[in-house]
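Student: Protein sequences appear in the order of chains A and B. Each residue of the first sequence is one higher than the one before, counting from 1 in our numbering. Each residue of the second sequence is one higher than the one before, counting from 1 in our numbering.
Derived by calculation from the structure, the hints in this document are not laboratory data. Be careful, since some hints might not be right.
When chains are identical, the list treats them as one kind, so a pair holds in a single copy or across two.
Only pairs whose alpha carbons sit at most 16 Å apart, straight line, appear in this in silico EDC-like list of lysine to aspartate or glutamate [claimed, not checked]:
1) 323 x 401
2) 514 x 122
3) 323 x 72
4) 116 x 84
5) 362 x 324
2 protein chains.
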Amino acid sequence: MPIVLGQHFIGGGRSGFGQPLHKSIDATTGEVLPYSFYQAIDAEINAAAQAAKAAFCEFRQISTVRRAEFLDAIADELDQLGDDFVAIVCQETALPIARIQGERARTSGQMRLFAKVVRYGDFLGVRIDQSLPDRKPMPRVDLRQYRIGIGPVAVFGASNFPLAFSTAGGDTAAALAAGCPVVLKAHSGHMATADMVGCAIVRAAERSGMPKGVFNMIFGSGVGEGLVKHPAIQAVGFTGSLAGGTALCKIASERPQPIPVFAEMSSINPVVLLPGALAARGVTIARELAASVVMGAGQFCTNPGLVIGIRSVELDAFTDILKEHLGAQAPQTMLNSGGLRSYRQGVEHLLSHPGVTHLAGKTQEGKQAEAQLFKADVSLLLNGDLLLQEEVFGPTTLLIEVADDTELEGALRALRGQLTATLIGEPTDLKRYQWLVPLLEEKVGRILVNGYPTGVEVCDAMVHGGPYPATSDARGTSVGTLAIDRFLRPVCHQNFPDALLPKALQNANPLGLKRLVNGIWTSDPIF
Amino acid sequence: MPIVLGQHFIGGGRSGFGQPLHKSIDATTGEVLPYSFYQAIDAEINAAAQAAKAAFCEFRQISTVRRAEFLDAIADELDQLGDDFVAIVCQETALPIARIQGERARTSGQMRLFAKVVRYGDFLGVRIDQSLPDRKPMPRVDLRQYRIGIGPVAVFGASNFPLAFSTAGGDTAAALAAGCPVVLKAHSGHMATADMVGCAIVRAAERSGMPKGVFNMIFGSGVGEGLVKHPAIQAVGFTGSLAGGTALCKIASERPQPIPVFAEMSSINPVVLLPGALAARGVTIARELAASVVMGAGQFCTNPGLVIGIRSVELDAFTDILKEHLGAQAPQTMLNSGGLRSYRQGVEHLLSHPGVTHLAGKTQEGKQAEAQLFKADVSLLLNGDLLLQEEVFGPTTLLIEVADDTELEGALRALRGQLTATLIGEPTDLKRYQWLVPLLEEKVGRILVNGYPTGVEVCDAMVHGGPYPATSDARGTSVGTLAIDRFLRPVCHQNFPDALLPKALQNANPLGLKRLVNGIWTSDPIF
Numbered sequence: 001m002p003i004v005l006g007q008h009f010i011g012g013g014r015s016g017f018g019q020p021l022h023k024s025i026d027a028t029t030g031e032v033l034p035y036s037f038y039q040a041i042d043a044e045i046n047a048a049a050q051a052a053k054a055a056f057c058e059f060r061q062i063s064t065v066r067r068a069e070f071l072d073a074i075a076d077e078l079d080q081l082g083d084d085f086v087a088i089v090c091q092e093t094a095l096p097i098a099r100i101q102g103e104r105a106r107t108s109g110q111m112r113l114f115a116k117v118v119r120y121g122d123f124l125g126v127r128i129d130q131s132l133p134d135r136k137p138m139p140r141v142d143l144r145q146y147r148i149g150i151g152p153v154a155v156f157g158a159s160n161f162p163l164a165f166s167t168a169g170g171d172t173a174a175a176l177a178a179g180c181p182v183v184l185k186a187h188s189g190h191m192a193t194a195d196m197v198g199c200a201i202v203r204a205a206e207r208s209g210m211p212k213g214v215f216n217m218i219f220g221s222g223v224g225e226g227l228v229k230h231p232a233i234q235a236v237g238f239t240g241s242l243a244g245g246t247a248l249c250k251i252a253s254e255r256p257q258p259i260p261v262f263a264e265m266s267s268i269n270p271v272v273l274l275p276g277a278l279a280a281r282g283v284t285i286a287r288e289l290a291a292s293v294v295m296g297a298g299q300f301c302t303n304p305g306l307v308i309g310i311r312s313v314e315l316d317a318f319t320d321i322l323k324e325h326l327g328a329q330a331p332q333t334m335l336n337s338g339g340l341r342s343y344r345q346g347v348e349h350l351l352s353h354p355g356v357t358h359l360a361g362k363t364q365e366g367k368q369a370e371a372q373l374f375k376a377d378v379s380l381l382l383n384g385d386l387l388l389q390e391e392v393f394g395p396t397t398l399l400i401e402v403a404d405d406t407e408l409e410g411a412l413r414a415l416r417g418q419l420t421a422t423l424i425g426e427p428t429d430l431k432r433y434q435w436l437v438p439l440l441e442e443k444v445g446r447i448l449v450n451g452y453p454t455g456v457e458v459c460d461a462m463v464h465g466g467p468y469p470a471t472s473d474a475r476g477t478s479v480g481t482l483a484i485d486r487f488l489r490p491v492c493h494q495n496f497p498d499a500l501l502p503k504a505l506q507n508a509n510p511l512g513l514k515r516l517v518n519g520i521w522t523s524d525p526i527f
Numbered sequence: 001m002p003i004v005l006g007q008h009f010i011g012g013g014r015s016g017f018g019q020p021l022h023k024s025i026d027a028t029t030g031e032v033l034p035y036s037f038y039q040a041i042d043a044e045i046n047a048a049a050q051a052a053k054a055a056f057c058e059f060r061q062i063s064t065v066r067r068a069e070f071l072d073a074i075a076d077e078l079d080q081l082g083d084d085f086v087a088i089v090c091q092e093t094a095l096p097i098a099r100i101q102g103e104r105a106r107t108s109g110q111m112r113l114f115a116k117v118v119r120y121g122d123f124l125g126v127r128i129d130q131s132l133p134d135r136k137p138m139p140r141v142d143l144r145q146y147r148i149g150i151g152p153v154a155v156f157g158a159s160n161f162p163l164a165f166s167t168a169g170g171d172t173a174a175a176l177a178a179g180c181p182v183v184l185k186a187h188s189g190h191m192a193t194a195d196m197v198g199c200a201i202v203r204a205a206e207r208s209g210m211p212k213g214v215f216n217m218i219f220g221s222g223v224g225e226g227l228v229k230h231p232a233i234q235a236v237g238f239t240g241s242l243a244g245g246t247a248l249c250k251i252a253s254e255r256p257q258p259i260p261v262f263a264e265m266s267s268i269n270p271v272v273l274l275p276g277a278l279a280a281r282g283v284t285i286a287r288e289l290a291a292s293v294v295m296g297a298g299q300f301c302t303n304p305g306l307v308i309g310i311r312s313v314e315l316d317a318f319t320d321i322l323k324e325h326l327g328a329q330a331p332q333t334m335l336n337s338g339g340l341r342s343y344r345q346g347v348e349h350l351l352s353h354p355g356v357t358h359l360a361g362k363t364q365e366g367k368q369a370e371a372q373l374f375k376a377d378v379s380l381l382l383n384g385d386l387l388l389q390e391e392v393f394g395p396t397t398l399l400i401e402v403a404d405d406t407e408l409e410g411a412l413r414a415l416r417g418q419l420t421a422t423l424i425g426e427p428t429d430l431k432r433y434q435w436l437v438p439l440l441e442e443k444v445g446r447i448l449v450n451g452y453p454t455g456v457e458v459c460d461a462m463v464h465g466g467p468y469p470a471t472s473d474a475r476g477t478s479v480g481t482l483a484i485d486r487f488l489r490p491v492c493h494q495n496f497p498d499a500l501l502p503k504a505l506q507n508a509n510p511l512g513l514k515r516l517v518n519g520i521w522t523s524d525p526i527f
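Using the sequences and the hints given, assemble the complete structure.
Tutor: This is how it looks when you write it as structure tokens:
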């Protein structure tokens with residue numbers, strides 16, 4: 001059995017001044033696992049934030065080469081977490097081994113991608129306007145801008161991706177890449193996992209020679225508020241519920257110095273079934289959609305929670321097959337008992353709603369989640385019924401039938417902000433419904449054609465974000481290389497002698513960066 | 001006398017359902033000018049926001065060429081505002097004619113710069129990751145990202161730049177460039193100016209064929225709250241006081257859908273006088289610094305409000321000369337009586353503070369602002385005395401003497417966020433005090449060497465921003481081309497047929513954009 005200390009990670013060491021109140025739980029059996037975790041006391045929250053602050057000045061100035069080496073070292077350490085680690089993650093989350101092995105590779109791959117971003121250096125956003133001493137009526141002084149890390153970032157891990165969106169997940173990778181030390185609030189659903197990943201990051205920091213407070217992590221309940229309130233923290237990354245994200249945004253905005261919060265919260269990810277596609281391949285779509293709804297017990301931010309089609313014989317036939325598929329699903333164990341409780345409540349709310357009809361799914365009882373299919377009247381959406389707008393986190397989806405294109409447009413306009421929207425259509429459909437694209441662009445972060453929203457590629461072009469309440473700030477993404485932008489801010493240097501400039505801004509371009517010099521992109525030195 | 005209707009600008013027309021309660025004031029004489037302005041009623045606030053919303057979908061999709069033509073047309077209309085216009089601006093603000101003529105050129109120049117940004121197209125931030133169907137273990141789908149406008153933007157004009165930071169100012173230019181319609185809250189200090197500039201923008205919109213609600217403006221007191229609360233508004237740009245900006249941030253964060261606020265608020269812009277420079281050219285520095293303090297009656301966001309030097313005979317000599325200069329200044333008329341009242345209060349607070357000594361300046365009485373010089377004990381700064389951190393908007397500055405480098409470091413670390421910091425030093429100073437640069441980078445948006453912070457160049461590399469309370473979000477700038485970023489958000493298109501993609505993302509690259517394709521920057525089409 002691996003050693004899991006259950007103490008906080010503060011400034012390169014471990015600390016446990018409070019009580020070991022928290023136990024890790026086997027998600028499948030509900031049994032208590034033999035790992036205890038300390039409740040962080042106020043002094044430890046403070047020490048973690050102070051350690052991050054103390055590390056900031058050194059860490060942000062470490063060369064991009066060394067910062068990239070650190071991220072690569074974390075990736076290597078993650079890859080070396082072996083079978084015993086995977087077994088613990090599976091125990092804590094009830095996720096299958098193959099999924100966790102894949103997620104480990106995704107998480108280390110994400111670190112390596114950010115290492116590439118750091119080496120490449122585009123994120124520094126260098127812009128140079130040289131002096132124009134002879135300009136009339138006024139000369140121009142020399143001005144040089146680059147971007148630096150915003151400061152220590154508090155990261156709240158998500159339950160549903162215990163590796164890729166948690167301790168060493170996307171927010172941590174983006175913050176470290178930006179030069180920001182991190183203080184993690186370990187997720188209570190996978191604390192042993194968090195402990196082992198935390199150790200991996202600290203090992204990587206040690207062998208890369210990083211300052212000690214570059215990564216910190218605290219365990220405990222109710223400790224997030226103190227962390228977000230701490231004056232050393234300069235930004236927050238969060239993935240979780242609308243209620244949780246909203247609470248953090250409120251705390252952050254009421255600080256003496258308000259700070260930005262990037263919260264990825266709630267999305268029902270509408271799927272629009274266009275007529276030609278239903279006629280041509282309704283059977284296939286029903287099978288694929290059902291698979292997307294129940295994948296990972298429906299515990300994805302991008303789970304398709306709303307399916308919209310135009311009333312037709314083909315939609316009826318499709319609905320019958322979707323009913324069969326979702327009715328025949330085996331129950332699945334969820335990530336934790338809290339998640340199951342929320343799912344049961346969500347299903348009960350839908351069942352008790354007079355405007356909602358239950359189409360398929362076994363009675364939700366026992367310790368596992370049953371897949372469910374509901375149907376709602378479009379009027380609920382048009383009248384702004386909140387129940388239809390709120391994510392039910394689990395293997396359930398809601399079908400809405402619209403009368404015609406006008407009602408389809410109305411239904412889509414009535415939606416709140418979403419992470420994704422999907423169009424399923426034949427080429428003729430897509431031509432006819434081209435007008436949906438600009439409408440959906442204003443509602444979501446990612447539009448898919450003939451795909452399913454579960455499955456988020458980590459790359460330059462990905463957007464995992466979107467208008468509220470999908471996220472708290474539509475201008476960010478929490479997946480993909482653009483995620484680094486959330487934690488950077490520009491600083492301008494005016495009339496500096498070359499030797500006093502940071503390397504990124506010096507005439508010789510010693511970092512070999514692509515820079516916007518007098519309005520032209522170039523990698524050349526300035527003479 | 002030019003025609004000044006004093007009605008609101010809504011959806012291309014004018015509206016005045018409320019009462020003409022507000023009068024424009026001659027800032028020099030205090031006399032009421034013959035222009036009346038209507039108080040916007042709730043229905044008009046709503047109509048203005050709705051007009052912006054109605055225009056958004058069309059406006060954001062108008063080609064970049066036509067959007068740039070619109071910005072150029074605004075610039076042309078501004079340039080054509082003649083002598084009678086300049087006379088009114090001067091009347092309303094007590095600013096000299098040459099300054100207003102210069103500011104008009106700066107404002108139209110700013111519009112033309114953003115037209116260039118729009119034509120260039122880099123702001124679209126195109127990133128394309130093509131599909132990798134053979135990738136193992138999972139294929140990659142085609143993903144394409146670009147940035148679109150965030151939605152209608154509410155802009156609050158500033159008093160101190162009635163043209164460059166007001167109706168057709170930097171925030172308006174950046175929002176329109178981003179494809180966001182604007183609703184202006186006209187500044188009460190220069191309403192006739194605002195009316196005439198509003199007419200110029202509407203003329204430009206008409207002859208460029210823009211949708212009618214692309215620009216809207218309302219007059220009145222207390223109407224800002226309703227505007228920021230309106231669900232159609234998606235972001236706010238503000239330049240003004242800390243109290244005003246903080247109030248707007250609070251309103252925006254408490255909306256059912258919170259929205260970002262970019263408020264440029266309060267900065268005291270420290271100037272650090274290094275020993276070698278004081279020895280070599282203390283006399284010159286005193287003269288230049290005094291000129292910067294009193295320029296425009298000290299009514300600049302970047303006015304140097306704090307001067308720090310290390311105790312020495314040279315600092316004493318410098319102080320004596322600075323006293324002479326500031327003591328000998330003629331009084332100046334401020335922008336409005338509210339500004340004069342605030343200035344008088346600020347001066348009184350400093351005079352009554354036991355830790356602050358008055359070094360120079362005539363008694364503050366009458367209708368004009370007297371330049372003032374104060375000196376404070378460094379302990380006030382080190383102990384976080386708020387008085388020293390708060391901007392006194394007017395021709396005053398505060399000197400702080402530190403004992404040595406350690407105390408200098410402590411004093412600078414004790415500062416809150418600033419727009420600018422300035423180092424005045426000889427080459428030997430700058431070498432010895434190189435350690436100040438990273439420290440100041442973490443405090444400010446712009447660091448100057450041997451210059452004065454008043455005077456903000458509009459270019460690619462400028463940052464007019466900085467950590468709180470200089471602004472509400474250190475990740476933005478309100479001057480320079482980077483300002484457009486505040487009003488953009490990314491959207492990703494997955495697995496789209498080429499014809500369904502927005503032009504910016506199509507294989508042929510019809511807009512000729514520089515795009516990040518599979519990790520490589522290129523302007524080539526994709527085959």
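Student: Now look at each hint and say whether the structure bears it out.
Tutor: Now the hints, each set against the structure:
1. Taking the shortest alpha-carbon separations for residue 323 and residue 401, only the intra-copy value of 15 Å comes in at or below 16 Å, while the best inter-copy value is 78 Å.
2. For a Cα distance limit of 16 Å, the shortest separation of residue 514 from residue 122 qualifies both inside one copy, at 7 Å, and across copies, at 14 Å.
3. In this assembly of identical chains, the alpha carbons of residue 323 and residue 72 never lie at most 16 Å apart, being 46 Å within a copy and 58 Å across copies at closest.
4. Taking identical chains as interchangeable, the C-alpha atoms of residue 116 and residue 84 are never at most 16 Å apart, the minima being 30 Å within one chain and 58 Å between chains.
5. Within a single copy, residue 362 and residue 324 get their C-alpha atoms as close as 12 Å, which meets the 16 Å cut-off; across copies the closest is 88 Å, which misses it.
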